[in-house]
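Note that the protein sequences, when read in sequence, are chains H and E. By numbering that gives the first Met the number 0, the letter at position 191 of the first sequence is numbered 190, and the numbering carries on one by one without gaps. By numbering that gives the first Met the number 0, the letter at position 44 of the second sequence is numbered 43, and the numbering carries on one by one without gaps.
Keep in mind that the hints are not guaranteed to be accurate.
[Stated by the list, open to error] Derived lysine-lysine pairs resembling DSS-like cross-links, with alpha carbons at most 25 Å apart:
id: 1; chain 1: E; residue 1: K150; chain 2: H; residue 2: K233
id: 2; chain 1: E; residue 1: K97; chain 2: E; residue 2: K135
id: 3; chain 1: E; residue 1: K147; chain 2: H; residue 2: K233
id: 4; chain 1: E; residue 1: K10; chain 2: E; residue 2: K153
id: 5; chain 1: E; residue 1: K150; chain 2: E; residue 2: K135
id: 6; chain 1: E; residue 1: K153; chain 2: H; residue 2: K7
id: 7; chain 1: E; residue 1: K279; chain 2: E; residue 2: K260
id: 8; chain 1: E; residue 1: K279; chain 2: E; residue 2: K10
id: 9; chain 1: H; residue 1: K7; chain 2: H; residue 2: K233
id: 10; chain 1: H; residue 1: K184; chain 2: H; residue 2: K264
id: 11; chain 1: E; residue 1: K147; chain 2: E; residue 2: K135
id: 12; chain 1: E; residue 1: K153; chain 2: E; residue 2: K135
id: 13; chain 1: E; residue 1: K4; chain 2: E; residue 2: K223
id: 14; chain 1: H; residue 1: K284; chain 2: H; residue 2: K233
id: 15; chain 1: E; residue 1: K8; chain 2: E; residue 2: K147
id: 16; chain 1: H; residue 1: K233; chain 2: H; residue 2: K184
id: 17; chain 1: E; residue 1: K97; chain 2: H; residue 2: K233
id: 18; chain 1: E; residue 1: K8; chain 2: E; residue 2: K260
id: 19; chain 1: H; residue 1: K233; chain 2: E; residue 2: K135
id: 20; chain 1: H; residue 1: K7; chain 2: E; residue 2: K4
id: 21; chain 1: H; residue 1: K7; chain 2: E; residue 2: K10
[Unchecked claim] Computed list of chain E residues with no C-beta within reach of chain H, every gap over 10 Å:
id: 22; residue: T71
id: 23; residue: G129
id: 24; residue: R158
id: 25; residue: A207
id: 26; residue: T214
Hints in this document: simulated from the structure, not taken from any laboratory. Ideal Cβ positions, reconstructed from N, Cα and C, are used throughout, including at glycine.
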Amino acid sequence: MKKSYLSKTNWVNFATYGMVIIAFVVMQLMGSAGMLSSTIRGQLVPICAYVVMALSLNLTVGILGELSLGHAGFMSVGAFAGAVAAAALPISSAPLRLGAAMLIGAVLAGLVGVVVGVPVLRLNGDYLAIVTLAFGQIIKSVVENLYIGMDAKGLHASFLENRITFTDGGRMILNGPMGVNGINKISTFTAGFVLTMIVLVVIFNLVNSRAGRAIMALRDNRIAAESVGINVTKYKLMAFVTSAAMAGAAGTLFALGQNTITASKFDFNMSILILVFVVLGGQGKMWGSILAATFLTVLPETPAMRELRDYRMLVYAIVMILVMLVTNSDKLKGLAGRIIPKGKGAADNG
Amino acid sequence: MAEKKQFEKGKMVPVPSHSIIPERDLGTTPILECSHLGIDFGGLTAVNEFNITVGRTEIAGLIGPNGAGKTTVFNLLTKVYHPTRGTILLDGLDTHGKTPAQINRMGIARTFQNIRLFNNLSVEDNVKIGLHNQEKYSMFSGVLRLPKYWKREKAAHERALELLSIFDMQDLADHQAGSLPYGAQRRLEIVRALATNPSLLLLDEPAAGMNPSETAELMENIVKIRDTFQIAIMLIEHDMSLVMGICEGICVLNFGQIIAKGTAEEIQSNPTVIEAYLGKQQ
């Protein structure tokens, strides 16, 4: 008779949860035993942010099947919205303030996702990639020209030049190209872990539901998906906006773990870096994204690799071209298929 | 499900739009009525003056030489292409300006000449995607795994297996759709189309690539599907044994024009049809 329902997918999902939990526990134990260098400890929050970025981009690239080259734009929206919110919110408890800031970052990035997604998702393939690339640059320019300050009356914003005049006790939060300075670093590794777990649960539960199947149907065959009554725009937008909101939350987590953030941090290179995580980890494979994001963030910081750090984008570009060549060559695929016999057909949606 | 009614090949009678439908469907609105349907691609007229009426429980055939415009007609009916001229009434409702997804929700499901499955997903998931508009729950119920999710997923799972059992495919449910043999992929496409609960099923060359015994089995299954689901089926097919064996009304297309309409006997003896297929007798 029939095997247990969707056994392989469930197994992969639980293994991924387990991997993240074990990594968190091990790092916490090592941290409390004083076995972590300050460099590594400083990397824990960014690693979590990059992992969430990679997971969220994998939703767009691996599950929806659309190439987005502007994912750093959503991270940027989340980072600056979160940083301003964290500075402005009158919540004394740091974890609560962080949570509220992340929520604001996620919602704002999600809204930007809707604004970008509605026109952009009418395009396919290369055109979508070009427009998302431009979007990333636009966000960067917008933030570089945005000034936000706060005084007793509340938040003030001005665009293109700083025209903010304060009453007593006012201060600048976002200072155009100078970014946000003197951030109160409230992001913790625990918060990063919780965010990663939430994002994983959302992605896995989404993928194994009606909406997720509709999204994957669009990826596999858009015409067939339409023919069985799936609303193309709705489900494309659903995946894209969910992905954007997650990137926003990751941006907030990242920003609140730094002293200073500037818009130039979230540039095209960042988008490509996240894409490298996804491509190297495997499209549609969440565990792959987690591993790739972790190792490619830690690796350049290790003493042995530090010399090569300036060349890392060059190396990534070469690696990415190689991966694409290998995964698109039928000859090499056939060879790999002979070496690693594929499981007997059970579909892998995790 | 309503009680199963078995239909013999019906007597075809004329209806006002100069088409014929089975006598048993006379009292009800025809499921499909096309009038003066046509489409131009640039200066080329691919289909012109296409008039057809399909009864509620009819098995209709659309035949013609290669390039006659048969698949184009299917694409017009499902709004993959928007017609340049003419109207399509589905169950009496105008389908003007609808999207392919809306057309499916109105009741037309189809299969494709070149198989279009969701290759990376399991057989069961393919059918469940067909059940998309049958077993509904919101994205939030899905993400938060609310009780509605479990209830609907269970219903979808059971329904998917039930539908797969039409073709004895329930044991393949866990397999990846793209890894199935060709014939099974064709059958899965039919199951997926049926899952959308259509009132008109369009089959584009369902017997392509099948051997005679598989074709015979397919014929039985097509009739069984019509009897079980009480739906109309319209099919494009080159295998004349299938068309003449099960189709009640047959429409012959050549160069985008209907050259003959009638029952199997009428079509087989029609000199215009013979000429279109075999060329003019010297």
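Subject >> Distance restraint between K147 of chain E and K233 of chain H, which requires alpha-carbon spacing of 25 Å or less >> reply: Roughly 21 Å separates the two Cα atoms, so the pair holds.
Original post:
Would the pair K233 of chain H and K135 of chain E pass a check requiring their Cα atoms to be no farther apart than 25 Å?
Top reply: Given that 25 Å is the threshold and the Cα spacing comes to 15 Å, the pair holds.
Original post:
Straight-line Cα separation of K279 of chain E and K260 of chain E no greater than 25 Å?
Top reply: holds (20 Å)
**OP:** Take a quick look at whether K233 of chain H and K184 of chain H sit within 25 Å of each other, Cα to Cα.
**Re:** Violated. K233 of chain H to K184 of chain H sits at ~38 Å, over the 25 Å cutoff.
Original post:
Within 25 Å, alpha carbon to alpha carbon, are K150 of chain E and K233 of chain H?
Top reply: holds (24 Å)
Subject >> Pairwise hint evaluation, K233 of chain H against K97 of chain E, where the allowed Cα distance is 25 Å at most >> reply: Judged against 25 Å, a Cα distance of about 16 Å means the pair holds.
Original post:
Straight-line Cα separation of K153 of chain E and K7 of chain H no greater than 25 Å?
Top reply: The hint holds at about 18 Å.
Subject >> Given hint K264 of chain H paired with K184 of chain H - CA-CA distance at most 25 Å >> reply: Distance ~17 Å between K184 of chain H and K264 of chain H Cα, so the pair holds.
Original post:
If you draw a straight line from the CA of K10 of chain E to the CA of K153 of chain E, is it 25 Å or shorter?
Top reply: violated (43 Å)
Subject >> A207 of chain E and chain H, when compared Cβ to Cβ, separated by more than 10 Å >> reply: Holds: least Cβ distance 17 Å, greater than 10 Å.
Subject >> Pair hint K147 of chain E and K135 of chain E, alpha-carbon separation not exceeding 25 Å >> reply: holds (9 Å)
Subject >> Restraint status (C-alpha distance of K284 of chain H to K233 of chain H at most 25 Å) >> reply: Since the Cα atoms of K284 of chain H and K233 of chain H sit roughly 24 Å apart, the hinted pair holds (cutoff 25 Å).
Consistency note: the structure conflicts with the earlier hints numbered 4, 8, 9, 15, 16, 20, 21 and 23.
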